[in-house]
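Please model the complete structure; the sequences and the hints are all you need to start from.
Chains as they are written, first to last, in our numbering: chain A, 13 to 599; chain B, 13 to 599.
Worth flagging that the hints you see were computed from the coordinates, not collected in a lab.
Just to be clear, a hint being listed does not mean it is correct.
Identical copies look the same in the list; a pair holds intra-copy or inter-copy alike.
[Unchecked claim] In the DSSO-like style, the derived pairs of lysine-lysine whose C-alpha atoms are separated by at most 30 Å in a straight line are:
#1 48 - 450
#2 561 - 519
#3 571 - 561
#4 503 - 380
#5 450 - 264
#6 450 - 395
Number of protein chains: 2
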Amino acid sequence: MIQFSTGAGTSASAAGSEVLPQAAHMLASRLMPAGKLHIVPLGGLGEFGMNCMAIRWKDDIIVIDAGMMFPEGELLGVDIVVPALTYLIENREKVRGVLLTHGHEDHIGGIPWLISELNVPIYGTEFTLAYVEDKLEENGLLDSAELNEMLPGKRFQIGPFTIHPIQVNHSIVDAVSLAIRTPLGVIIHTGDFKIDLTPTDNKTFDLQAFAEYGKEGVLALLQDSTNVERSGYTPSERAVRPKLEEIFVHSKRRLFISCFSSSIHRIKMATEMAYQFRRKIALVGRSITESTEIAQDLGHIDLPCSAFIAPNQIRDYTPEQVLVLISGTQGEPLSALSRAAVDNHRHAKIEPGDTVVLSSRVIPGNEKAIYRVIDHLFRREAKVIYNDGSEPPVHVSGHASQEELKMMINLVRPQYFIPIHGEYRQLKRHAQIAAGMKGLVGNVIMIETGDILEFDELGARRVGQAPVGRICIDSGSNSDIVEDLVIRDRKHLSEDGFVMPILAINKLTGRLEGIPEIVMRGFAGAPDDNEFIEDARGTVRRTFEHSTKEEVADYGLIKEKIRVDLRRYINRNTQRRPLVIPVIVEI
Amino acid sequence: MIQFSTGAGTSASAAGSEVLPQAAHMLASRLMPAGKLHIVPLGGLGEFGMNCMAIRWKDDIIVIDAGMMFPEGELLGVDIVVPALTYLIENREKVRGVLLTHGHEDHIGGIPWLISELNVPIYGTEFTLAYVEDKLEENGLLDSAELNEMLPGKRFQIGPFTIHPIQVNHSIVDAVSLAIRTPLGVIIHTGDFKIDLTPTDNKTFDLQAFAEYGKEGVLALLQDSTNVERSGYTPSERAVRPKLEEIFVHSKRRLFISCFSSSIHRIKMATEMAYQFRRKIALVGRSITESTEIAQDLGHIDLPCSAFIAPNQIRDYTPEQVLVLISGTQGEPLSALSRAAVDNHRHAKIEPGDTVVLSSRVIPGNEKAIYRVIDHLFRREAKVIYNDGSEPPVHVSGHASQEELKMMINLVRPQYFIPIHGEYRQLKRHAQIAAGMKGLVGNVIMIETGDILEFDELGARRVGQAPVGRICIDSGSNSDIVEDLVIRDRKHLSEDGFVMPILAINKLTGRLEGIPEIVMRGFAGAPDDNEFIEDARGTVRRTFEHSTKEEVADYGLIKEKIRVDLRRYINRNTQRRPLVIPVIVEI
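In structure tokens form, the structure reads like this:
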């Protein structure tokens, strides 16, 4: 924990925060119930994704969000990563529910995992719950789950906590911040947000609600750090409209638009424009179809049925009569767009002169896959429009930039400011910005995943560590947990493959039967394979024959001796380090 | 080949090029020797990196550049990728030499590979040859290699070709374009370039030379496409100076600057500023040390010896007296900066309040590694300055943006324009820009790696395909070629590991001895390992026992049967697809 504090002796703030009246006094000066309030981030602080946080007062715990992250390249063969929930499982009987701020994967992707471990009530806005329902259904957990709808502006009680969902803007609809009244004061958890003064759905950011809490006094503001490195204000979602309009006006042939499937604002804008420009809308790809259907069911998109056609009807219309909304902005190899780009999709055929729009950002790590798809689209002689920095933009962010973050701090004026959702540098930069806002922020506290932050009448401090970690899941189902050891083996195998000496040992005599076999896969670069294998066999046999009878009888020991000797032989002759796995077959 | 041509019937240019007088006429109208001129890109057109191109007139071939590329993530365990040189090897006796435009890895990294296959003379500028020498020395090829220095502005002859190296600007010093006079006319190969009107070394872009060729008439312009997606002009290298100066002025403690080791301009600027601000310069990291030493030897950096200290002397100076130039802008795990960031470097200790500057760009694919290092630097409480989009910039590009590309076309006015160095979309966008420059460009031709472009008195056309491809090399040495099959195995192993059933078969009876063994590594998710293994053994045994005597006697056949059955069992029970590798031990 780094505390940009006002007390003596602690580390001075790099951003040069002013000395403010000790916030502890402000707390102590009220009449307060005795007890400790704990804030325990279980994911997302000091890492990107899998946001999850516990808030505890005595015997009651509520959880805010339960997200996932996509694995880094080195987690070979792992599909998703979710936070370890040991802290919640150890306090199983205290957990009263999980509150969801919005429906993005990094906030709800861990829900099946959480619910299979702890079947607690889930609270979310209408749209968020619709996504969660799909997710639970896929995992066979829907029937046993308890889903409770939150309405922005409508307070409700969970144990000692009063929850107030506050309407905010984000790239997904129905996103809320949470004001949580605890016995020690109000905590505001922003969730993910931006301040869009002209949202496409006219559901405006509830400035008044935040202002009111600011007037009353807020114990702690926990604020999203995702875009803290961007100066200024994030443009309104409407900033994309001029570019889309220009595209609709100039496209003389088929038009394909790809965006994040959860970008309901963007889908709404594109479909409404298609309707206006008399293009039929075809949805291609599972995620964008499901998402659009949910948005239609819930009234976020309100167009006549006749505006839409099925993918197999695309061919019934002339090219200038069709808009194809298609999944796959991130170059996912099996997505509809990736397949269409290599002319491998039944319904989405991209022809010379067609226009393809990637209305999205590049998620770091996906550059190569995305540009590969773009290259293929160019080869199809499509006109490809992507976020290449030109103006007007074809995509805007859903996260608050620096000035909006400062706006929130101005509205809320918290005693304690705690940056959340971000890698370490983002939390730190966010902390520095807040520390520089003299007279508006009491203390700035940096915590990371696993830190237990305690509040009481004397102030706030880190009091220890909760058990945290990550769980690697192979294929979206909870039973498919991949252990660290397995991932290490995969990594090793992926770099240099393996060499496996197989020895047949006669159970009765303890002697070697025949010559040891050598099996290799993924291993390259023996100057001459046959000679190399012969020598390797010889090495193994020599090790065996130079061992005592006792050593040979201890299969663990003899395998280790063979492993060491063979590895040394391989390293010396090839400068490589394959996994060496001796096997003994007893006969 | 896509030809943005003026002839009837060919595909119309997407950029709407105007009909121009057929360039073939211009060729035919002169007195021309009979013969065919071939341009054959062997790498770098339609892919990023490993630039290599052959130019052939009858029995003479010259090669321009021989680069490498860094492998994509899916090429597991591969260190570098170089172009297959089959075309050159098949025409071994015709190859007269390789001409290097500058010393970046994507232009010279394949030289050891080329020289070990074809020991032809190498031509390069002084600085480029210094890099090549190091490379050849590492591979034990220096003694037998023939190195010839090119001087900008000084023409020389190779067979039927007159070579004129023309001074240009780039992020590395001593970069040249090549004007090659062939029997059919002048070809200009730009190499990598930018037009820096105020270069740090005052070696200005030779506008006059290009202008003169433009006046005389140029057959073909082959131009770098790297930055074709950027509008405007690339800023001068001097644009970095204000930011660096600001950093020097404000740093009260130790200062670390990391840049690409070949960015001699940047190193020159940083070291001169250190001298001016009375900081001693320590070089930490192999690549930046070697590079700086070469630059000093060749006079590109000219500071007194006393300006530099050895890494182990850093501790002898107070923090404000030291500048550490350190390798590792791309988050390479073993680089000096990565190690210093986790406090694991003997001499480069980063302490709270120190400043660390990453004066570089993020090469796509390296985002996560770089931000990991930045996060660690933040944890060390260093002030970290990186290219986050703020102004003034801490890095500028070395490649020409759109207006500079157009400037070159204005200078040269080629009959044929051929975009080089880029992925397909970049070549295409470049072609579109050129096609839009009416009256300045005759024809625009797009070719990719492997296309043979033929010129004669009737014009230019693609006449076929040269054998091309990529060679994966494991550890920088030429003997370490990794076959595709090995990479496929590694990929397979990396995703789901392997399951290996081992059967001991009695040679005499043809019967199974004991129960089959099952060895697994990197394989996860059997619901219950013991039960799973027992069942897998049973499956293998059943397959064996249900086979005829003839099948069992054919080890290839019985192994395949076991593989198929066991794979089916595994897929059904785990939804995974490990590599299944049956092994038979004969006893």
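Taking the hints in turn, this is what the structure says about them:
For the homomeric pair residue 48 and residue 450, the shortest alpha-carbon distance inside one copy (28 Å) is at most 30 Å, but the shortest distance between copies (76 Å) is not. Taking the shortest Cα distances, residue 561 and residue 519 sit within 30 Å of each other both inside one copy (13 Å) and across copies (26 Å). Taking the shortest alpha-carbon separations for residue 571 and residue 561, only the intra-copy value of 14 Å comes in at or below 30 Å, while the best inter-copy value is 34 Å. For a Cα distance limit of 30 Å, the shortest separation of residue 503 from residue 380 qualifies both inside one copy, at 21 Å, and across copies, at 18 Å.
Taking CA atoms no more than 30 Å apart as the test, residue 450 paired with residue 264 passes between copies only; the shortest distance there is 24 Å, against 56 Å inside one copy. Taking identical chains as interchangeable, the C-alpha atoms of residue 450 and residue 395 lie at most 30 Å apart only when they sit on different chains, with a minimum of 21 Å there against 51 Å within one chain.
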